[in-house]
Each structure stands twice: as structure tokens, then as C-alpha cells.
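**Student:** Protein chains in written order, with our numbering: chain V, 1 to 324; chain L, 1 to 372; chain W, 1 to 457; chain Z, 1 to 277.
In short, the hints are calculated from the structure, not lab data. Do not rely on the hints blindly, as some may be mistaken.
Listed below are the simulated DMTMM-like cross-link pairs for lysine to aspartate or glutamate, each with C-alpha atoms no more than 25 Å apart in a straight line [stated by the list, open to error]: (1) Z:K169 x L:D174; (2) W:K165 x W:D247; (3) Z:K169 x L:D202.
Here is what each chain is made of, one letter per residue.
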Amino acid sequence: MVSGAFVEVPAPVRSREACAAGMTDTVPASPAPWQRVRRIAPPYLYLLPAVVLLIVWTYQPLAQTFVLSTYSWNLVPSTPMVDVGLGNYERLLSSPELGRSVWRTVIVILGMLPFTLVIPVAVALLTRRVRGRAQGVYRALVFAPMLVAPVAGAAVWQWLLDPSAGAVNRVLGTDVNWLNTAGTAQLSIIVITGWHVVGFAVLVVTAGLAGINPDYAAAAQIDGASRSQVTRWITVPLLSPTLAFLVLMTVLLSAQWTFPLIDTLTQGGPVGSTTNLYYLLWEYGFRSHDAGLAAAAGVLFFLGFIVVAALLTRLAERLSHHDD
Amino acid sequence: MRGKGAVAVVSRIQLQGLTRRFGAVTAVDDIGLDVADGEFLVLLGPSGCGKSTLLRMIAGLLPPSEGRLWLDDTDITHLPPQRRDVAMVFQSYALYPHLSVARNIGFPLRTRKRPRAEIKAKVAEVAATLGLTDLLDRKPRELSGGQRQRVALGRALVRDPGAFLMDEPLSNLDAKLRAGTRAEIAELHRRLRATTVYVTHDQVEAMTMATRIALLNEGRLEQLGTPSEVYDAPASVFAATFLGSPSMNVVDATVRAVDGALVAEAEGLRLSLGIDADIPDRPVRLGVRPEHLTLTSSGGQGIRAIVTAVENLGSEEVAHCDTGVSVRGPRPLGVVPGEAVTLSARPGHLHLFDHDSGRRLAWQAASVPQPV
Amino acid sequence: MKRTLLAACAATLLLATSACGLGTESTGSQASVSRVPELKPDQKVSIVFESYNFGQAGAWTDTFNELIAAFEKEHPNISVTAQKPQGNSANPATDTISSLQSQLTAGSPPDVVQLGFSDLDFTVNQLKALPLDDLVGKDTVQANFDGEEYPYADSARTLGDWKGKTYGVPFVFSTPMLYYNKQLFTQAGLDPEHPPATWAEVRDAAKAIKDMTGKDGAYVDCLTKAAKDWCFQALVRSAGGRVISEDRSKLTFADPPSVEVVRTMQDMVRTGVMPNRTQMQAVESFARGDLGMILESSAIQGTFLKGAGDKWELGAAAMPSFEGRQAIPTNSGAALFVFSQDQAKQRAAWELIEFLTSERAYTTIATKIGYLPLRTGLVNDPDGLEKWADENPYLEPNLKQLEHLEPWVSMPGASYLQIRDGMMQAVENAVYQGANPADSLRSAQEEASALLPGGGK
Amino acid sequence: MTTDEVAGESSRGRRLGGHVVLGVLSLACVFPIYWLYATSLRAPQDVYSLSVLPWPLSTASYTEAFAKNDVLGMLFNTGVIAVLSALGQLLVALLAAYAFAAWRFPLQRLLYLMFVGTWLVPFQATMLPNYVLLSRLGLLETLAGVIIPTLCSALGVLLLREHLNGFPKELLDAARMDGRSSWSTLWTVVVPALRPALAALGILLAISAWNEYFWPAMVLQRSNAVVQLGLRSFMGTEGNDWGPLMATAGLACLPVFVLYLVLQRHIVNAFVRSGLK
């Protein structure tokens, strides 16, 4: 009778075990310090110019604004800065102007959505219907206002909206002073801003549509969906990341877009009816020379926008379908 | 400096304790390899096993978390890729889209500031080797998949590197082209005898091209050996089931001594191991390749099973049985679904693995070692 | 919320590392300003002159460039750089203070600045314009007012004074005038040679024009935020009230006279004889011949004349009065202030002021731009403005108004602009947007009173 | 867009409907621009005319604009600012986007948020500190003062990063293997492949720099050095000088329109192909 045993065939040599057996030299890899630096440094070096610029021209001023918001000061060097703690914030939050301007900003944002969302989606879908050169021509025409300088655009519109000599009133047969009537000034600003940005939004939506794999629509059609069903059930939902981006952009930038127009056309008036958040900030800082109040307003807006942006980004992430 | 000749000089790649972690995940775990000069080593494993990570560490594209690397006698662990004498062929070929074929192939030489005439000559030579001469002025997007693949190869060849690294270079080709290119690469390797490390998850590529296979699983080296060693004596259940199609049948069984001889037993299964010995019962995992099972008339010793399906592979047939066991043999096998069969195998074709660790078990006689 | 936290961390980090770069680098107290010596003949100085008149293309800029060239020729050692205020308002005159302020903040104010009388308190007390009496001596300042031949009008001499010291030399100057379109008057069956003298007559005339010609009746450019408050003050004074108490300690613009003014104006809008226009639209409309009458600064006369051309004839009358009262005009316009921090520049700045307020300069300014010459005697000077005055029938009512002129009172304190804007916004809201005059003014006065130094108590 | 190829019901009617809606919208978008040029070409006495075709044509407004302002000088200055600013922004953004796309490194997310965060900072809040800083650096009244603070364009960084993320990483690896440093890889591999996107972004940045007027107004106080400010000089309390105003506005927009007409396809394509998603 032969006896013996089953033994495991050993796995290939692993250095940690080998090391324990004292067979090989396994000094752990640790590069020389300069090599480490060389390996880690490149991305930071590439970012350096941009970050320096960001800090110098955006974040350092922002930090100054934080500091300034706790002082009462009229910006004149010979006048001492008085530390008022949170006094500026209290004044700001108790001022009725703030609430009114927030409300106006919301109106502007809501008023902009047709121009940044509804019309662009409609146009982008419609341009798919027409073929060939016409497609490009329409797109180019709609985009053209984007190229007009805000001041030039403001000048033309001021001319078109002139109460007695303007084309709009004569065509409509009305006698409205569009820019100097509390009810219509805001509307005019929204329409002009919308005219400016609609082409850009169309471009973004077109890009989004082009990014959707046409197989989905084809599949849906084979599954029996009509064109409008494809649009409603497939195309638009798949477009939602783009739409979310546009909403985010509208919310964050609307007040900023309207600024040059307000400054040129209405100066926040008549009777404050076009004074939105940014224009209010501008008035505090540059007309009332209330540096502390303006800084406090700047800080509040910044923090508020962070919250809004974070919420919207979350929403956008939840909405987006990952089309990989 | 390499000579102008096409043949590479001695290049040996050594890996020691190479480890790479991404956060908490260890992608490559303590791997040691010694790739001899002129060897064609295939890193084989399922996707996610760490083979590409390992290759990228050899290339220098990824710094290892631990361990060291040598090329010949130089420690290249911390050398940036451009200073390692290795060339790489990427899965997507990574051809520069804005450069012509000639410029793509000549790119590595241009970065080394070689004289224009030399680059031209060298590119022409490589293009001739690969049959790309007529395509030199085209842009990558004007090439077919196979042509792109060859350009990528050419870009590696043109440098006369110490070693070639290839990352699944055939995975983007269709089946027919893949077989042809496989043969071409193998032929190229025979001619150049250049050290090559080749990553794939395709066992056919590994079996046909490799001088040695390094089988990876979950970042660890599972087995290292020639293709026949890996196929004929898989070191673990993983190795056994990864290679071969259909994969090896592995069932739980008990080794027990019956009348002084060892048999593997399970329900409806009894196979002789061909070893005369007397040991206590031992639970094992028993493996046998489908092509090593033979159909015997019922009643004999073996595996009893009922055929559930028969697959026609053209020259061969595979019968799948209710116990999960499959049999492969020349067509026709002569069985139909529903038929009860008994399958037998020669003791030499049986593989035993430890029930818990899954490592291969070798029989060691008390005095004389005995191969299984 | 991870992003938010990260961003907040970043902000805090930056905050911690950043030094406060703004403010507190005080230029020292300016309690006393020492007398500056005369410039040596070879001493080269360059100064910056900021004037809102540079904002506009055309006559204004050309005239000022001409004056500066003449000055540099006369003072070869002084070179003057002219600049307009920063900012983009349709009316550059509204940008003056903010522009000066940001330059002060940056530590490099212009040397001579042209600022409105409405900003006087702020200019002197907050921006610390230099007292000219201390800088060059009271005698010199007064000698300049006396001039070589024609002294300043008495009512103009002290407009740039604060507590007995002269800080600014009044420079350009205009009064509210009622301009009217004679052609429209004729078409409406009105007598173009007898312009309305009271607001009731204005209303009737406007109604006639509106009814007969379909054009707009009258516009009073005193009732919007953009118009500032100079001629609103005039209207309120003419109605027997004040917008602020005489000692400037209490706001009174919600008192009955002001409410009455606003109500009168509101009625004109409500009855359709006064169109809802911005300042700019109204001026344009009048220049185009689409508006019968406009109460406007005499500084804009040039535009009207140009607009009228040979299409219609411009008429000018004194500011209308309220029934049974004397109309009391106020002046708009600006004075020249010095902000230099260097003695040589301070002296050079004074030289420039002397030149710009000289007889010669006024002759140029009056003829080319249309501002009233503050040296009123010039209009009787055959070598001066006599010829121009003869050719310019619009000048007479303007000069006549000087008799009853009262200064434009600046609002007090650091928040003077908010007070002024709040008041004018209430006026605008009532007149053009239909709010109740008394309520609107009262609530604005309550809000603004809190902004007075000492909270208006 | 292949769905349109599918044989459809009443596709001619649908197409017509599309043309009608798009036509009306395009008209609405273009009409103000047309009106601008039409007004600028009217004779001075016809400025208030409402005829659709400006007739008789007159260049009087242009003559006046040129007489009152150094329009050519302004256009040149604005052009210099637009080109330098766009190139600078492009370079800075390219480097930063390259860093974000080609490496994984600590603080990456935070740094990225710093760029996104600039959209949340009200420009009105940073304007004055920036002005003070420029004054300390002695850059007031210089074109450099206009350009430098705008050099870091968050939009540029985000857009290019988006493009670079779509760029095959293996190409970067291949270039490294072939012996390029990361710097030379950037210029020999990344930039050529990214050329269309860079061109489109560059044009957009140049256009927005061209149209910028707020900041130039602050820095270039002593002159109407950019054409947008030249425009302002025709607007004022005395009423707008519509003829020359429209003429200057027309001239201010002209280079941008020409640029757009010539490169329209590239701009749109660069956006459509990748970029904003």
C-alpha cells in the first residue's frame, strides 16, 4: 500500500511572502522627493495662471466684500470705516426695497424662461422639419441678435419703442410709453433681453438634440409612437439635461443679462419698476455710495445664488438620463 | 541607442511586488513577474482583473503604489514613460486624428528630434513591413479598422523599442480580421524576437500567441506558465474554468479510498483517480474538461446524467446534461435530449482542487513524488 | 449640499488669507489746508479736469477742448488732461459723484472737477473738496469773482460756499424756462407772442394744442428721478413751499404746497395734456416738433434750436407761476472744485478755474453752448456778448429770472442722493403712474427722514 | 435627425408649417437689426420716417458719426481689445481645462468649483476692488487694464474641459509613450485635434469682448476708446442723435456680423458637435 497526501500547488511567488522568507529585496517604492514633485506638479502648474487670475480678480475682491459688509463706509478714504457688525445685514433685510427687487428678479427669471426654454425647443424641433440650407439660414437669423452689442441693441429698441416716433406704437396703433410705464417697462426689458439670448439658447438646444442617439426615436416609431408622441415621450425627456442647464443659466444669469439694458434704457425706473437685485446692488454701491450696504447685498446674493445653484444642480442630476 | 537594424537587443522586464490602489480598491495586488528577453507574455484575465492597470504601470502611465520595475538592469519604477524604452499599442489605437499615416508613424521619431531623412527612411521601412506604403498620405479617419491597427503597430515598431506593450490591440476588429492580424503579430514577433507584454481577455489570443501566460484574477497573479501548462494543469478552479470552451466541468466531490485505490465520489458520480493509496475522506472539487469525457453505455463507472440539450458546433457537438456537466466530442455524439447517459474520463484527465482555497491539489506519495 | 459646503469652505479660506485692500488708508485730516505757492515759470505740472460736458459728442466737447487748448497756450507749463466721468448714464451729469468717489477710493482723484450744486453738502463734507479760501486766499477768490471788468451776478457768487468759505467756483448755470413751439401755438389758435404765464394757462394752452393738432401739449421736466430735483424745488418754492426746511434739518416735501404742485401736474397727465415721457423722450419729441411746450433747462436750448431749424419756430418764456404767486426759479448747473493732493497741482488747478471762469471763457461758453454767462455784464459788452444777446431773443427772460432766483438746495448728509431720489421717485410715481400725491409724498418723506443726519430729529 | 427620413404623413404640410413659424420668428429677430441699418442710411430729415425701405439712401449719418468721433480709432482699439482678450482667455482656459481633463489630482473638485463659482459672484461686487487694484498697478487708461482682469473665462474653461473630456485619453497616453512631455503633447496633439472648438470659442470670446462696455468705460475714462462708448456719446439728455447713433451702432456691429457670416457654420457646428451638453 502506497501512502501519500494531496498538497496544494503553490501560487506564484508573491513578494510580500517572499520578503518574509528573506528571498528578495523589496524596498517599498518611494521616489525621490523631486520626482514626486515632478509627478504631482503638472496639473497645478497648468492651472496656475487661471487660478491666480481668479483669486486676484474675483475671489480676493469677494473676500474684501465680506469684510466690507461689516463696516459702514462711504468709500471715501478720508472717512473712517466704522465697524457695525451685522448692522448692514439688518438694514438690508429690513428694507422693503430688497423684497421688491427679489420679486422683480423672480419675474424677470420667469419672464425669460419662454425665451430660453420654450421658443428654443420649439425652434430646434421645427428646424428639424425643414431641410437643407433653410435650416442653417433660420438658425443664423435667430442667432444674429446675440451678436448685437447690448448698447447698440438698447439704442435700436429705444428707437423702436419710442412713444411717438417709434415703429412699435405706430404698427400696433397704440400710444404706450413702453419704457416709461411701470406696467410695461419690465415687460420691455424682458422681451429685449429675450431677443438677445434666444439665439444662444436655440444653439444650445440644437446641440442637445444632436447629442441624442436617433436610435431611440427610431425604436419608438417602430414601437408605434406617432411623431408627436416621440417628441413628448422620448426626445424632450432625453433633452432634460440640456433643459436643466438652460434653466440653471436663466436663473443665475437673467438678472445679469438685463443689467446693461436696464442701465441704458430705464435706470431701474420708472419708479423702480425695473430695479432687480443686480441693479439694486449697483445703486447701493455706485449711486448711494453705501459701500457696507452694497457689500452686504453682494454677500447675500452670492450666498443665495450658491443655494439656488446647488438645488438646481441636484435637480438637474436627478432629471438627467445617462445616455451612454 | 538602438542600432538601425530591426532586431531589438536584450530586454528583460522584471516586476517586483507591483501594487496599485485606487482609493480603497486594490486593482493590482503585489505582482511579481520576470519577462525574459524575446518573450511574448500575455496578461490574461476577465475584465476588471487589473491587467490593463498592470500594463499601464509597466508603460509608466500610472505610478505604482508599491513595488519596483526593472528594464534590463535599470530600475525604471519612477521614470516617466518617455524615458522608458517601451512602445505601446492601444486598444483604440490612439492615432492622432490630425496627422497623416506617415506622420503618425514618424511621430515618436520626431519627438526624439531625429533627422528628417532618417525618419522618412524608417517610416518607409516600417510601412513596407506592414503593407501600409500606399496609405502613407491618408488621415486615420480614411482608414479601415485593420489598417488603423497596423498604423498603430507601425508607430510602435518604428522606435525599435526595448519592449512592446499591447493593450487588447485586436478587440476592435471583426472576427475574421482578428484571426488574420493575430497571425501577423505572432509572425512579427517571431521575426523581431522583441520582448512583448500583451493584454487580452481572449483566451484564443493568449493560447495562440503567448510564450507564457500570466493569468490574473482580482488583481492577483493566479497562474504563470506556458499556454499548455496553464491549460493542462490549471493551478486553480479559476484558471481551470477561465480557459477552455465550454469551460471545465467542476463539481463538488469527496476523495475516498475504496479497496486501496482513490476514487472521487458524489451523488451519481464515481470516478477512479488511478492512485493506490489509503487516506481519510477529503472533500474536493473535481474538474474534468468536456472534451475529456466520453460517453459510455450506461451501467459503468462514471457520471450518470440526463442530456438536456445538444449544441452543434459544426465539426463537434456539445451535450449539456442536467447535472451541469457538459461533454464535447466529434459530431455526431449520438445522443438526444432526454437520454440517460454515463460519462467517464481517464484518471489522468481529472483535476482535483482544494475544496476551500480552490488551489490545485497534487498527489504526493509518501516517498516518491507522483505526478497527477 | 456637499458642493455648497466646499464652496463655503473655499470662501472662508480666501477670506482668512486676504488682506483688506480697500479703505482705511486715510489721506490724513484735512482740517487745515495751507496756502499754496505760485508756480515757478519753468515748473511743469500736469492736471486732470473731469467734466460731464465731455460725455457728449458735439458742441460741448468741442467747446471745452477749445478752451483747454487756449489755456495750455496761455500756461505752457501746465498740461491738462480732460476726462468725462466714468459710467454710462444717459445723462453723464448723474455719474459725476460716483465717478469721483471711485477715483478717490483708488487714491487718484482728478484735480479739477465740475460738480452740481445739489451735491454741494456731500462734496464739501464727505468728499472733502479743498476750501479755495484757504488754498489761494479769500482775496484771490473774491478778486476772481469781481473779474477784470464784469463781476459775477450777486446771486451766483455764493452758490459754491459752505459755512462762509468758498469751496467751488460756480461755473455753468441755467434756469428753468418754458420753451414752446410757435407753430403749434398758431395751429391751435393761440397767440404765439403771448405764451402762458401761469400753470392754469399752460394747461389750457396744452389742451388746445392737443385737441387742435393732435400733438402733445406740455411737458414739465421736473418730475422724474432722472431730472433730479432742481426745478421741482423751483415749482415748490413758486407754490410757496419748500422741500426741506430752511435750516436743512427737516424734510417738508410732503407739505401742502408740494402736494398741490404734484396734484396740478398729475391732473395734466390725467387729462392727457401732458404725455408720459422720460426726460430724453420729451426733449426729443419737442425738438422734433411733436410737443407744444416744455419746461426745461436753458442749457438744452441749443438742441431745440437745431431741432427747430426752419421747420418750426422756438419761443421762450419765463417759468410759469401758480395763480397769484411770484414764480421762483432755482438754478441748475455746476461749480468747479479742487481735489488735488499736490501743491503744484493745486495751484495749477486754481489757474485753470480762473481761466475757465474768465470773461473770455464765458464768451465762448455762452455762444457755443448756450449756458448763461455768470458775468451778466458781458451781455452789454460790445466786444463780449452784446451781439450774441441781440441775436438771441431767448436770453432775456432767462436773465430776468435771475432777479428772483433762489439757490438749488442740496440735501444733507451722506445719504443725500437716496433722499433726493426717494422724493423724486414719489413725485414720479404720483404724476406719471397715478399714485395718490399726498400718500406717495408722505411715505417717501417718512422713509427719507430716517436718512437725514441724526435721523431727522 | 434621421427620424425625418422616415416616410411620413403629410410631410409637405409639416414642412410648410415649420417654414411659417420659423420665418416669423426669424423676421422678429432680424427686424431690429434691419431697422438699425435702415435708419442709419436714411437722409437726416427722414430719420423719423417709417418707410420700410430707406429711400433716398444717404451716408450723411455716417459722415456725421465720423466727424464727431474717431470711429476708425475706436474700431481699431476695440478690435485690439477683442483679439487680445480672446486669445488670452483661450490660452488660460486651455491650460486650465487641460489640467482638469488630463490629470486626477487632489483639490480638483474644489478648484473646479472655483471656476463655476465665478458665475455666482455679482460683477457689481468685484468691480470697485478691481478698479482700485488696477489703479495701484498703474494700469488705468491702458488697454492692458481692460484686458487683464477678464483673462480668466470660466465659460471657456468649462467648455474646453467638456471638449477635452470627450477627447480620447489614450491619445494623451500614446503621446507620452511616444516621448512627448505633457506640454508638447498639448501643442502637438491636443490643440490640433481641438482646433474647431478652439476657433468657435475664440470667436465667441472675441465677440463678447467686442461688445463689452461696462468695464472699458471704467478703465478708459479719458477717451471714448472703445466703440460701445462712442455709441453712448450720441445718447444723452438732449435726446439721442439717432442718425449718427445708428450709424455708429451699425459700424460697431458690422465686424461681428461679418465674422459670424464667414464662420457661421464652424461656430454652430462646434457647439452642436460637442460642447454644451
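**Student:** So, against the hints stated earlier in the document, which numbers end up violated here?
**Tutor:** Violated hints: none; all satisfied.
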